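Student: Spelled out from the first residue to the last, the chains are:
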Amino acid sequence: MSRKLSLGMAVNEALRIAMETDPDVILMGEDVAGGGDRKGDDVDEMGGVLGTTRGLVKAFPDRVLDTPISEMGILGTAVGAAATGLRPVVELMFIDFLGTCLDPLLNQAAKLRYMFGGNARVPLTVRTVTGAGMQAAAQHSQSLYWITAGIPGLKTVIPSNPADAKGLLLSAIRDDNPVVFCEAKLVLGVSGEVPEGDYEVPIGKAKLVRGGNDVSLIGFGGTLPICLQAAEQLASDGIEADVLDLRSLQPLDEDAILATLTRTGRVVIVDESTPRSSVASDVAALCVDRGFDSLDAPVKRVMAPHSPVPFSRVLEQAFLPSAARVVEAVRSQV
Amino acid sequence: MSRKLSLGMAVNEALRIAMETDPDVILMGEDVAGGGDRKGDDVDEMGGVLGTTRGLVKAFPDRVLDTPISEMGILGTAVGAAATGLRPVVELMFIDFLGTCLDPLLNQAAKLRYMFGGNARVPLTVRTVTGAGMQAAAQHSQSLYWITAGIPGLKTVIPSNPADAKGLLLSAIRDDNPVVFCEAKLVLGVSGEVPEGDYEVPIGKAKLVRGGNDVSLIGFGGTLPICLQAAEQLASDGIEADVLDLRSLQPLDEDAILATLTRTGRVVIVDESTPRSSVASDVAALCVDRGFDSLDAPVKRVMAPHSPVPFSRVLEQAFLPSAARVVEAVRSQV
Amino acid sequence: MDLTRAELLEAYRKLRRIRSFEDKLGELVVAGKMGGFMHLYAGEEAVAVGVCTQLGDKDTVTSTHRGHGHCIAKGVEIAGMMAELFGRATGVCKGKGGSMHIADIERGMLGANGIVGAGIPLATGAALTARIKRTGGVAVAFFGDGATNQGAFHESLNMAANWKLPALYVIENNGFGEFTPTEFVVPVKDIAVRADSYAMKSLIADGMDFFDVYAKAAEALAYCRSGRGPVLLECKTYRFAGHFVGDTLVYRDKEEAEDWIQNRDPLQNFETQVLEASLVEAEALRRIDLEVQEEIAAAVESAEAAPWPDVAETETDVYVEDGG
Amino acid sequence: MDLTRAELLEAYRKLRRIRSFEDKLGELVVAGKMGGFMHLYAGEEAVAVGVCTQLGDKDTVTSTHRGHGHCIAKGVEIAGMMAELFGRATGVCKGKGGSMHIADIERGMLGANGIVGAGIPLATGAALTARIKRTGGVAVAFFGDGATNQGAFHESLNMAANWKLPALYVIENNGFGEFTPTEFVVPVKDIAVRADSYAMKSLIADGMDFFDVYAKAAEALAYCRSGRGPVLLECKTYRFAGHFVGDTLVYRDKEEAEDWIQNRDPLQNFETQVLEASLVEAEALRRIDLEVQEEIAAAVESAEAAPWPDVAETETDVYVEDGG
Ligand SMILES: Cc1ncc(C[n+]2csc(CCOP(=O)(O)OP(=O)(O)O)c2C)c(N)n1
Ligand SMILES: Cc1ncc(C[n+]2csc(CCOP(=O)(O)OP(=O)(O)O)c2C)c(N)n1
Ligand SMILES: [Mg+2]
Ligand SMILES: [Mg+2]
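Chains as they are written, first to last, in our numbering: chain A, 2 to 335; chain B, 2 to 335; chain C, 249 to 572; chain D, 249 to 572.
The shape of chain A in the complex, shown without the other chains (with noise of 0.2 Å):
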C-alpha cells in the first residue's frame, strides 16, 4: 500500500517509524518542536522551519529537544551522545550553516572510529536542507553536500523523490556510521507515492530511473527531474538517455556509473553544485579514469557557475542547472 505524500511528509513518517522501532533515538535541533514541548499547555508546535518535524515532539515528549541557535554545540553534543550509546537525528536547519559547526562532523565524528582503532561507532544523522529555489539567497541556498561527501568517515545522501527520502532516512538512522542526509529545496514539496509501513533503501546504490542507450544522464536530489526533463525533450528528438539517481554522494556506486557509461559511451552529470571540488567533478574523474575505454565524448559537467547564490529571481533560475543547458551538453557531445 502506499500513498502520496510530500518529501518531507516522508520524512516525517521515515523518523516517526526510526522512533517507535528504537528508542535510542532521539531527535535534536532548532524548533524541531517549536515551542510545542512547553509541559502543560497546548501550545502547538511548529515542528521546525518548513514542518518536516511536526506532530513528533507529541508523540515522543522526552526525544524530541529543541536546542538554542547553537549549531557547534548541537553537533557536538550529538556526536558525544552518539559515540555513548544513543542513535541522535540532529536537524541542521540548512545545510549552509555547517560553517558554524564543521568541526564536530569533519574532526570527530567522522574520525572517531579511525583514531580509535576501530573502538567507536557514531551512528549519527544529520537531516539538512540544500539547495536554490526558493530565493532565499546566498547564505541559504547553497548544495554543500561536496564538503561532507568529502569527509572520509561520512556518508551522505540525497533523495530525489518521497519514497526514496523515507527507505533512505530509515537506513541513514539505523546505520552505525555518521549520515548526512539532504533535502534538497527542489523536491522537497513535490509529492509522490510512499509505500506504508518500515522499509530501507540501501545507502551506497544508484538507481537507473529510464533506460536509454544514447547518453546517460546523472543527477541526484533536484537535478533528477531536470534530468528526466532533458530525456524528455532527447528523446523526441530520437536520442534516447540513461537517467541514473546516485542517490548516495558517499559512496559513489561507482559501478552503476561505469555501467551506464558503457552503455552509451557519453556521460553527462547534472549537480546543483558549484563546480570546484565538486561531485560532478569526482564522476567525471571516475569515467576518465577506469571509465576511459568507454568513453566516446567528453564529459560535461551541467552545473551552477562559480558564483554565490544570488537572490533575485532572474537570476537564481539562470543559476541553477535546466533541462535546456542539460539538452545542448548532449548536443555538444554528438
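Simulated from the structure, these hints should not be mistaken for lab results.
No more than 25 Å apart at the CA atoms, straight line, and that leaves these computed lysine to any residue pairs for SDA-like:
#1 A:K59 x A:D23
#2 C:K412 x B:P62
#3 B:K59 x D:E503
#4 A:K59 x C:F432
#5 D:K381 x A:D23
#6 C:K281 x A:R314
#7 A:K59 x C:V498
#8 D:K502 x D:F492
#9 C:K412 x B:A60
#10 D:K381 x A:D63
#11 C:K412 x D:P429
#12 C:K449 x D:F432
#13 A:K5 x A:R211
#14 A:K59 x C:D495
#15 C:K412 x B:D63
#16 D:K449 x C:S450
#17 D:K412 x A:P62
#18 D:K412 x C:D444
#19 C:K412 x B:R64
#20 C:K437 x D:P435
#21 C:K381 x B:D177
#22 C:K306 x B:G86
#23 D:K281 x D:A554
#24 C:K306 x B:D23
#25 B:K59 x B:S7
#26 A:K59 x C:D501
#27 A:K206 x A:F293
#28 D:K449 x D:R473
#29 C:K412 x D:V441
#30 D:K437 x C:A447
#31 D:K437 x D:W508
#32 C:K272 x A:R314
Under 7 Å between C-beta atoms, here's a sample of chain A residues computed to sit facing chain C:
#33 D32
#34 M47
#35 P69
#36 S71
#37 M73
#38 P306
#39 P311
Computed from a predicted structure; not experimentally measured. For glycine and all other residues, C-beta sits at the position ideal for the given N, C-alpha and C.
Let chain A serve as the given structure and place chains B, C and D with the ligands on it in line with the hints.
Tutor: The following block gives chains B, C and D with the ligands in isolation, referenced to the frame of chain A:
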C-alpha cells in the same frame, strides 16, 4: 641577489615586506607574537608554533596581535576589519581548524562582495599549514585546501618552494580578494634560493618546472618534490615527463593544464588530499571535458586514500603519495 | 532629554519609516509580489533608531536576518532597498543580496546577515579597524537573544574586551528565537549578565521606549568612544509579526502578544511622551506619517518599474577583477 | 578526609604514574625515539586524579591534546598507551590515534582531542546519553583555560545548563595557552565566573592540591548526580614542562616557574600532607615509586618490541563495515 631560506623564513620575509610597505597590513593569530607583546619587559617571543612570525611583533608592535584561541572570532573579526579598510593576515595554525571557523570564510569573506552587489572588498589573507608528514595525526595533518578552493569568492594558493612562497604571499596580501595561503608541511622546512627585495608571483599562473613530452605530472605544494622524484625515475627509463606546479588551486590555470595535456596526451595528478571533492578530480574533469580530444590514456590521480590521517609513522608514510606510486600510475598508462 | 524638536521629528520619521516599510513588505509577500525569506522588524523600531540616531559617518553597524530596520535607521535609501527586495537591477545590492543580505557599505551599514550571530565578529573587526586606523568610529552589532547562544558571540565579546575595542553590542531580546521562547534556551533572566564573563560593561534598556534606548546608548557610546572598551546593551523588545512572513504564530500566547502590541508600541510610546511633554504637535507627526506613506508608495512604484538584472550578472562581482 | 589508606596509596600511585609516564615520554621524544606533537601533563596531576578517583564505570571523560594524565587517571592501561605513542599495532588505538587522540571507550575515556575545546560538547553529549538512558553516570570534560575562549565552551555549557545535564566541566587553568599568558586573553581573574552566564554552579580548587581538588570535585559530582544540573570547576594549576616537547620556554618567567615547580608540586604536596597526618608511611610511597618506574620501563620495552601496524590498516576502521 638571493640566498637560501626555508619556506617558513621566506614567508617571514614576505610578511615583513608587506607590513613595511603598507600600514594597513596587520597580523592576527594564536601566538603570532607568542607572549612577545608584553610591553615593558624583555620576554622573547615565539612567533607562532613553528616560529614563522618570529621577530615581527618587535618590528611592528601595534600590528601583530596575539589572539585568544577563538578561530571563529579571529576569522570573523578579520573579515570585518578587511571590509572596513585593513588588510589583515590571519594565521590559522593548521587548516584542520577550519572546522571551527568555516563560516567567516564560507558565508562572509567569500560572499560579501557578491551579496552587496560589488560594493565590498575583503582583502584578507589566511596563512595556514596543511598536510601530513609530521606524525601530527588525524586532526593536524589534513590537506583541506579542496574546501577553500571549492568556495566561490575565495582564492587558494600553495607554493612548493621558498621563492614562490615569498612572491605568492606578497600577491595574496595585496590582492583585494580573500586568499587562503597554504604552507604544506612536506616543504615547509625545505630550503631554496629566495630573491631579496619586494616581488610578486601572480596568483592563477601554474609553472612548468620540467619539460618532457611523454607524460604530464601535475602537482603542487608538498607533492611537487614527489613529482620531480618520479620524473627522475621515469627519465632513467626513457620516459620524459612534463612537471607542472599548479601553485594556485583557485583560480586554476586551465590553459597551462590543457597545454601540457596537449603536449603529452597523458596526465597524472599528484594531490596529497583525500580523493573525493578534490582538486585532482577537478583537473581530471577539465581534461576529460575541454581536453578530451588530446587524451591518450586514462587520467590517473595519485592521492591519499579515503581515510583520516593515521598517526603511526609506517601508516602515515603509506598514506602519503610517493614517487613509487606516481611511477606506477604512469606505467599503467602506457 | 537633550534632543531638539527637529531631531525628535527626524527620529519619529525613522520609526514610522521602518514601521510602514515593514507593513508594506508584509502585504507584498502575502500578495505574492515579493519572494524570499522575509523577517520583519515591526515592534522593535525603538532599538535601531534609538541607537543609530547617535551614529555618524565613521560609525558602522552590522545586522541580522531582520535587518531592514537597521538599514533605515542608519540612513540607507528606501528606494534602493525596495528595489533590492524586488530583486531589481536598481537595488542597493543590484538585486543580488535580497532581504537577508541588504547592505550599504558607504553608509556604514555592513549588511544584514543570514547567519545568526555572524554579524557580531564582523562588527568586532570594524571596531578593530577604527582602533588601528584611529578613525574615532564605533562599531555597533545588532543581534537577537538567540544569537547570544552562538559561539561567535562569546568569542567576539571576549576579544573586544581584551583589546578594549570601541564596539557596542546590542541584544534585541524579543523573547523568541524563531518559535522557541528565550527562557527555554537562555537560563538567565537578563542576558546582559553575560558581559561579566568578559569583565565588560553592560546596560539594560526598555527596547519599546525610544528615549530609554537613546539614553542607555548615549552612555554606552560615550564609554566606547572614550577608549574604555566595549559595552553590551540589552534591549527588551517584542516583534509584532511572526518570525517570518508566513509564520502562523501558533506557538505564542495571544494575550501576551496583544498586550505588547496594544500597550507598548514604540511609536505610540514615542508619540505619547513627546505630546505629553509638548515637544512636538500631533499634526507634525501626522504629516510625517503621510510623507512616509507617499515615500514608500513611490519606492514600490519605482521598484516595480525597474529593470531586472541582466542574467550575466549571475557571475559578476564574485571577485575584485583586477585582483587589487 | 574520608579516604582510606588503600585509596590514598592508589591515588598516589596514579599521581606518580602520570608523572613518570610523562617524564619518560619527554626523554623518548628528545632522544628521537617517539614522534608526533607531544604535550605533557606533568604538574597538573592532582586535577585528573582528584576528579577521576571519584568516577566509576558509568562515568565518562573527555580530554584534550594534553590527555595522557586523564587516561591514566581513568584507568587506561599503561602498556597500551605506550605502544600507541610508539605507533605500534598493539597500541590502545592500534597506532592510528597517537598522543592527541588516545582513547579507551571501554574505560569511559572518550579521547584526547587535537581540537581545542572539542571535547566539551562531546562530554555534553555523553551527559545527554546518561540522562536519556538513565544510566546514573556523569560526564566530565577536562579542558584548558585557553579552551574557555572557544565558542564550543559557551554553547555546550549553555545547553547543559538549560537541560540540567549531569556534566562536570573542569577547567585546568595552567596560566598559559601555548605561549600566551592567560591574562592576555581572558579578561577575568577567575574563569569560573563564566558559569554565571548560564546560571550554572561553579567552584574553584587549588589544582596543585589533590585534596582540595578531591573535595571540590566531590561536591560537584554529588550535585550533578542529584539531577540539579552541571557544574563548572576551575582548578588553578601549572604545567611544569613546555607547551609541547621542544618548547624553548623563552616566554615564561623563570622565577615564577621555579616557584611552582619547587614549592607547589602536587606529588610533593600530597606526600607532605599524608605524612604529616601520618596516614601513610614514606616507605610505602617509595615502594610505589619503584613499582611505577618498573611498570613504565616494562611498557617501553614491550612497546618497542611490538609490531608495526600492517600498512593495510591505513584504510580500515574508516567506516563500520556492515553499516549497522
Ligand atoms: C547559524 C544559524 N542558525 C540558524 C538559523 C535559522 N534562524 C534564522 S533566524 C533564527 C532565530 C534568531 O533568533 P534571534 O537571534 O533571537 O533573532 P530574532 O529572529 O528573534 O530577531 C534562526 C534560528 C540561521 N539563520 N543561522
Ligand atoms: C581549535 C584549535 N585551535 C588551536 C589549536 C592549537 N593549540 C593546541 S594546544 C593550544 C593551547 C591550549 O591552551 P589551553 O586550553 O589553556 O590548554 P593547555 O595547553 O594549557 O593545557 C593551542 C592553541 C588547536 N589544537 N585547536
Ligand atoms: Mg529573538
Ligand atoms: Mg592552559
